[in-house]
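**Q** As they're listed, the protein sequences go chains F and Y.
Using this note's numbering, the letters of the first sequence map in sequence onto residues 1 to 365.
Using this note's numbering, the letters of the second sequence map in sequence onto residues 1 to 365.
Hints are computed from structural coordinates only; laboratory data are not their basis.
Misleading hints may appear alongside valid ones.
Any copy will do: because identical chains look the same in the list, a pair fits if it lies in one copy or spans two.
What the hints assert, rightly or not - Result set (DMTMM-like, lysine to aspartate or glutamate): computed pairs, CA atoms no more than 25 Å apart in a straight line:
(1) K360 with D251
(2) K313 with D178
(3) K360 with D52
(4) K360 with E349
(5) K313 with D60
(6) K360 with D117
(7) K360 with E68
There are 2 protein chains.
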Amino acid sequence: MPEIHATRRRALRERVVDAELDALLVTDLRNIRYLTGFTGSNAALLVHVDGDERSVFCTDGRYTTQAEAQVPDLRRVIERPSALALVAQAATHLSRGSVLGFESQHVSVEDHAAFTDAAGELLLSRAPGLVERLREVKDEVEIAALRTACAAADRALADLLEHGGLRPGRTEREVARDLENRMVDHGADGVAFPSIVAAGANSAIPHHRPTDAVLAAGDFVKLDFGAVVDGYHSDMTRTLVLGEPAQWQRDLYALVAAAQAAGTDAVRPGWEVSAVDAAARDVIVEAGYGEQFTHGLGHGVGLDVHEAPSLAKTGVGTLSACMAVTVEPGVYLAGRGGVRIEDTLVVREGTPELLTMSTKELVVA
Amino acid sequence: MPEIHATRRRALRERVVDAELDALLVTDLRNIRYLTGFTGSNAALLVHVDGDERSVFCTDGRYTTQAEAQVPDLRRVIERPSALALVAQAATHLSRGSVLGFESQHVSVEDHAAFTDAAGELLLSRAPGLVERLREVKDEVEIAALRTACAAADRALADLLEHGGLRPGRTEREVARDLENRMVDHGADGVAFPSIVAAGANSAIPHHRPTDAVLAAGDFVKLDFGAVVDGYHSDMTRTLVLGEPAQWQRDLYALVAAAQAAGTDAVRPGWEVSAVDAAARDVIVEAGYGEQFTHGLGHGVGLDVHEAPSLAKTGVGTLSACMAVTVEPGVYLAGRGGVRIEDTLVVREGTPELLTMSTKELVVA
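So that you can see chain F by itself, here it is in the shape it has in the complex (with noise of 0.2 Å):
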């Protein structure tokens, strides 16, 4: 598909241009993925503001034949270190006095001092964030992926359940490799992160890795996973209980619960993120577990499991249409339990769009 990727590198042309940069080197490798399609580790892109036909992608010797077809719309340099290559060629080709934008929040100050080095009479100058701006909101073919890396994810929890994969007995690390397992069945390129599994007490630990505890009756057991479809990663959280639930254990899922709806139907255009966050932590502020919410509502999802926008309190900025973020709040009671519940939605006009459709009522395993 190399013209949603010129769709895009285009795009990115106009905000070089109203950053006033003559040209951007984009050294991240998802950034690089989004503009380019290339899927190798190690390339650089420099973005021309005059267009393709002055852009350049570079890697090394191990990808020449893999560039050629993923990258076949570009002028292609193979040299290695490939960022410094690029600088250096544009230190010849760009005019004096020509001004360079660069990833200051991925370029690491030795490879910025290599730069300077490099780049002559070029003026090198900080410019965060323009790939990721234009990464917020997804195109269709993003969206299609996203729906794809969640029906994986839902179908391996279904099956897991519908196999009863989920028993007393059974170890956290048994029942992660299961469903990471059955996502790959289901179509998954990989997990979209390591897994957590978390039972009984340990589901009060939000980020909890699977261990070799066992699963007991009357365990809530979170389990948080997901799945990378084309580079696109879904992102779920649903907390069971195996076996009866106690009193308790029904109160706290359903204060989550409504959170989570509160949350959900905040996700619109237009809202500021902070307001998204405030809209579900409100309510569990309200019932006395304010203490006990310890994170922040959501993220970006898309190339990165963690990107743009940040759905939490001291985030900054509104939603857009096409935005996809993740609706997570939890409440953690330590020694205890904890409940989290999570789906990924896409932004649209009045109510999102659900991708991850596994039920959230309190499930019984």
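Since the structure of chain F is provided, determine the placement of chain Y on it from the hints.
**A** The following block gives chain Y in isolation, referenced to the frame of chain F:
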């Protein structure tokens, strides 16, 4: 094991003194794990030349409990962003004009700008690679973890072959999953990197990712895979033939095996890394395939799957006892197939200790 971490911090302090710094801000998470044992996804560490009493560890609220358990032996601060918090603390606690080193190959230009704003009367000084250079030489705790990780990979491959997992009709992706699951069965915490399974002509692509391509009789199948144990990575490549090898396959395999043996023989304390590369490369160049060996001979392996030293033509430095490195020559014939053979080794006085034990005879699956 707080003792081992205290020992490592003591060794680091000597380097911090040598670099004429009053303190070093460590922000790379692998380096923090090496120095403290902390395994969370956000942290910073200030190592003061005066000792652990004046050093500080910082993470955020998600990891309060985990930090208490994993880093009991250092003063802990809970704040976010953690690195910036430690710069601000240093600005108040260190005397005016003190020099604070930072990991300039990891710190971005944007973060550096924020550090500068927070540093007050402190001097910030680029201090790249101090911890990485320590990490090149492994202690016995690390070598034990590497040994276990390599054993998991060896057993997984043996299992795969024994159960007929490598046969015509299977896809590259199926083989990759099977191999990865078997590593976990044999004690891996996870996979060291996305496995490479490359069949037939795909074996000529050095970093091929598994596809739905079907394995066929007569194919070379290149398997490059590894396990993670306690954060330590194994890395091994084996190339096999499905059915009776053709003469060109035997010849190519014998050539790469000879180069691999020559490279391994050069892995000795005191050898220049470029000379180790040359020992293997010369064998391939003399056979007329120099252009088809498109990458370096090997790399250090530990908390990162690729770390210093780099065993390459352009590499600088010499080997020391207890470094862990790979030796992995390859020859790739575009459109036909390729062979790579890779071991993970520990540099010892005399011949190196082999950690990956799978046979290097041409295996016919």
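**Q** What are the numbers of the hints the structure violates, in ascending order?
**A** The structure conflicts with hints 2, 3, 6 and 7, although it agrees with all the remaining ones.
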